[in-house]
Amino acid sequence: MTTVGEEGKDKIFFVTKEDHATPSNAELVEEDPDDPYEERGLILPSGEINWNCPCLGGMASGPCGTEFKEAFSCFHYSKEELKGSECLDQFRAMQECMQRYPELYPQEEDKVPEENASKAEQTSEEASESDADSKSTSDPVQESNSTESSVES
Amino acid sequence: MLKCRNVWRKLAPFARASSTLCRQNVKRTGLHNARVPGHVPTAHMATGPTGSGGENRLYVLVIGAVAIGGGIYAYRTIQEGKQRYEERIATNTSLHHQSAKQTTTSVQIETPATEAIETEVVPESEPQAAPSTEEPSPPVPDAETAAPSETTEPLQADEPVLEAAPEETAEAPAKPLVEEEPSSEPGPAEQTEPSPPPVVESEPAASESPAAKLSEPPAEVVAESAAGLDTAPPSLALPPHAPYLLIGGGTASFAAARSIRARDPGARVLIVTDEPDLPYMRPPLSKELWFSDDPAVTDSLRFKQWNGKERSIYFQPPSFYITAEELSNAENGGVAVLTSKKVVHMDVRGNKVKLDDDTEISYDKCLIATGGVPRNLQVIDRAGEEVQKKTTLFRKIDDFRSLDKVSRNIKSITVIGGGFLGSELACALGRRSHHSGLEVIQMFPEKGNMGKVLPEYLSNWTTDKVKTEGVKVISEALVKSVTCKDDQLEIKLKDGRLVKTDHIVAAVGLEPNVDLAKSAGLEVDSDFGGYRVNAELQARSNIWVAGDAACFYDIRLGRRRVEHHDHAVVSGRLAGENMTGANKPYWHQSMFWSDLGPDVGYEAIGIVDSSLPTVGVFAKATAKDTPKAATEMSGTGIRSESETEDVASSAVAASTPAPAVTHKDDYGKGVIFYLRDKVVVGIILWNVFNQMPIARKIIKDGEEHADLNEVAKLFNIHED
Chain A
1 MTTVGEEGKD
11 KIFFVTKEDH
21 ATPSNAELVE
31 EDPDDPYEER
41 GLILPSGEIN
51 WNCPCLGGMA
61 SGPCGTEFKE
71 AFSCFHYSKE
81 ELKGSECLDQ
91 FRAMQECMQR
101 YPELYPQEED
111 KVPEENASKA
121 EQTSEEASES
131 DADSKSTSDP
141 VQESNSTESS
151 VES
Chain B
1 MLKCRNVWRK
11 LAPFARASST
21 LCRQNVKRTG
31 LHNARVPGHV
41 PTAHMATGPT
51 GSGGENRLYV
61 LVIGAVAIGG
71 GIYAYRTIQE
81 GKQRYEERIA
91 TNTSLHHQSA
101 KQTTTSVQIE
111 TPATEAIETE
121 VVPESEPQAA
131 PSTEEPSPPV
141 PDAETAAPSE
151 TTEPLQADEP
161 VLEAAPEETA
171 EAPAKPLVEE
181 EPSSEPGPAE
191 QTEPSPPPVV
201 ESEPAASESP
211 AAKLSEPPAE
221 VVAESAAGLD
231 TAPPSLALPP
241 HAPYLLIGGG
251 TASFAAARSI
261 RARDPGARVL
271 IVTDEPDLPY
281 MRPPLSKELW
291 FSDDPAVTDS
301 LRFKQWNGKE
311 RSIYFQPPSF
321 YITAEELSNA
331 ENGGVAVLTS
341 KKVVHMDVRG
351 NKVKLDDDTE
361 ISYDKCLIAT
371 GGVPRNLQVI
381 DRAGEEVQKK
391 TTLFRKIDDF
401 RSLDKVSRNI
411 KSITVIGGGF
421 LGSELACALG
431 RRSHHSGLEV
441 IQMFPEKGNM
451 GKVLPEYLSN
461 WTTDKVKTEG
471 VKVISEALVK
481 SVTCKDDQLE
491 IKLKDGRLVK
501 TDHIVAAVGL
511 EPNVDLAKSA
521 GLEVDSDFGG
531 YRVNAELQAR
541 SNIWVAGDAA
551 CFYDIRLGRR
561 RVEHHDHAVV
571 SGRLAGENMT
581 GANKPYWHQS
591 MFWSDLGPDV
601 GYEAIGIVDS
611 SLPTVGVFAK
621 ATAKDTPKAA
631 TEMSGTGIRS
641 ESETEDVASS
651 AVAASTPAPA
661 VTHKDDYGKG
671 VIFYLRDKVV
681 VGIILWNVFN
691 QMPIARKIIK
701 DGEEHADLNE
711 VAKLFNIHED
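The listed protein sequences correspond, in order, to chains A and B. Using the working numbering, read the first sequence as starting at 1 and increasing by one per residue. Using the working numbering, read the second sequence as starting at 1 and increasing by one per residue.
Be a bit skeptical, because a hint or two may be false.
Stretch by stretch, here's where chain B covers chain A in the computed footprint (C-beta under 8 Å, at least three residues) [stated by the list, open to error]: (1) 9-23; (2) 34-47; (3) 52-65; (4) 74-80; (5) 96-104.
In the DSS-like style, the derived pairs of lysine-lysine whose C-alpha atoms are separated by at most 25 Å in a straight line are [claimed, not checked]: (6) B/Lys485 to B/Lys411; (7) B/Lys480 to B/Lys447; (8) A/Lys9 to B/Lys485; (9) B/Lys480 to A/Lys11; (10) A/Lys9 to B/Lys411; (11) A/Lys11 to B/Lys411.
Keep in mind the hints are simulated off the structure, nothing from the lab. Every value quoted in this text rests on a predicted model; they were computed, and no experiment measured them. Glycine residues also receive a C-beta, built at the ideal position from the N, C-alpha and C atoms.
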């Protein structure tokens, strides 16, 4: 049962679970997928990579940003059977760069860059839907998550 | 000036002629005194050959008079201006350590004509005159003539410029210390090719320099000069030009730097901050850092988040940045930070700024992210040094360090202010009081904590929570006076109550830093304070403002100024995007959060002002609905990040359902809507987490909703 109270100009409702069981009939404005003002996920509507995505943390802007961008772009546009297989050089360059900055890119796992890439790709597909969805991605890569967080701002 | 001279010369004969005419006419009108020159048709302009003599003469007379008057005025102004200019130059060269003698004199020679009349030009020529070389201030003994001559050679012209010994001694102490850059070099690109002799000349005088603090640099420069180098030493310390210049080294600035680097490959970004620290985040300074078990936390500034993950308050470790010296040459660009340097002057026309050590840096795009300075209570300002020594204004890392130290050594501390910062600090200190027996008092004029943000019923509820954290809350307290007695502070309130305490923390607001508004010609907002910018955060061409200092136009919510961490990130990022050509307005609404202890936390978005009518929809909270649980799930302590930067949210291990915890009051979990003209402009998620995107959507829509309970359903407040 919904109980209503009032404290002057402030209205208070107390609602039980049953009260909220029926779906909401509140009308929300339809989202425009091409709205230029909106914040974008990792992949822009045009298919390009959004290097400014907060999800990348500092990867694209740090000292190894250029190498990262090259490697990840190669991976993203790769049409090979094994995605990114032709990008080994770029990934190697990126890794070499990252090894020079162990503080910024902790080398707990050698697979970090590739995992980042594949994880980011995964997320990119969901990111275009909504923020909430990307959260539900259950990602087996716990480790890279922790390395990611230490890099993030 | 030359122009004027020419004009004068042209007009002179004319003036003479007309002055004669004038006298003649006066005589004539004097004789015909009854007749006013009204008979001259005023509309008749022509002074052609057939124009009537009288009209013609009158016309010439008027023109002549104007010409004379104008000529006299121009002449006087030129002279005055010249005088002022000379004085100014003299004062300034005596002030400046570096004596770009060549440039000064060449400037003198070139610009005496153009400088004088407009005084604005004078400051401009000063920076030209004094690039950032660390050379000794001009020697005193050579001051021969007080009046500088304009036509002498550079060598001799040094002397008149290097005059004014008394001024020097008077001004020198006022000059900011330039000890940070012992090997600094010339900055501005405008520096003309110097010639060796003046340098050699200054050498012997270096030791006579009255300013004692120059003892280090002169020794170095003397060595350099002795080596026969010209005044442009080989290696550059500070870059003379930064394509992207960010003034201020806080959250907004860092977010902009990151944005610029992401969008402009190889961008060179220079951050100039007056703090000694690299960019860091502020929220943990009043929250997590206080909860740390690490005794060395004041040094490491690392904090453990609820899930055990540790991180530093610095956005990036020092290895992320490149040095200012490397900036111009770095192949892929980078971000350089100049610490402990303050920008004191901004020349928008010339696209350059001047630092407190007189270095000039020119830019292509500039961001002003200067944040603000904590406000103080007037009564404390006036209370004298004793009181102020026992008062902390909290904002920076140093304030955290000193407050941490102080709070360990005293018996009683009082926080004045009931907003976010005050309440968080009070709670943090209150928790510490459990171990140390420290008495923590919090006082504020409102009825309850966050009285200006939360509706009254929630504010009261929050105040009770704060009290359980060990804080003695004194509400409706207006401080009348503060005195120091027996090494204790006595706070007298307007209603007569007296509070004795050892130390005060004043958390009474932030004064946005708009120091550059005057020199840059930027507008300051009178309602909210801060620089006035448009929806794209632009103040003027090539100048953007972000963070606490920006009063911007929010398309949805109107003009506002926001002092929260996430806003600094969002606006900094947006400014960086716009500096790289995006032209996007402020659209993604920033959020903020507050935790008052582990059991009470909320996230909020939009305009959350308790004076607005509100509608609150509440359910009962279970043990899972606490900030602790929320951060454990998302893995970060910075709540805004749990939304945006958590790419792969860790698989949430299903927590064993805890028994429902009922609170004494029923405000465990809920959503509060703030309305303005029936439209939701602000939302608080009270112990409801990870629902911010929906809240953002509702505000973005800006719709009138008939039944807010239906809207509340969208938040699934009953969900575990």
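We went through each hint and held it up to the structure:
With 13 residues having a beta carbon nearer than 8 Å to a beta carbon of chain B, the region 9-23 of chain A meets the requirement of three or more and the stated coverage holds. Only residues whose C-beta sits within less than 8 Å of a C-beta in chain B count toward coverage, and the region 34-47 of chain A has 4 of them, enough to reach three; the restraint holds. Only residues whose C-beta sits within less than 8 Å of a C-beta in chain B count toward coverage, and the region 52-65 of chain A has 11 of them, enough to reach three; the restraint holds. Coverage of a stretch by a chain is defined here by at least three residues with a beta carbon nearer than 8 Å to that chain's beta carbons; for the region 74-80 of chain A and chain B the count is 0, and the condition is violated.
Restraint check on the region 96-104 of chain A versus chain B: 3 residues with Cβ-Cβ distances below 8 Å, three needed, restraint holds. Taken as a hint, the B/Lys485 and B/Lys411 pair is honoured in the structure, with Cα atoms around 15 Å apart against an allowance of 25 Å. As the CA atoms of B/Lys480 and B/Lys447 are separated by approximately 18 Å, the hinted pair is consistent with the 25 Å bound. Restraint check for A/Lys9 and B/Lys485: the C-alpha separation of about 45 Å exceeds 25 Å, so the hint is violated.
Restraint check: the Cα-Cα separation between B/Lys480 and A/Lys11 comes to about 36 Å, which exceeds 25 Å; the hinted pair is violated. Distance restraint check for A/Lys9 and B/Lys411: the Cα-Cα separation of roughly 42 Å exceeds the 25 Å cut-off, and the hinted pair is therefore not satisfied. The straight-line distance between the Cα atoms of A/Lys11 and B/Lys411 is roughly 43 Å, outside the 25 Å bound, and the hint therefore fails.
Hint check: violations occur at hints 4, 8, 9, 10 and 11; the rest are consistent with the structure.
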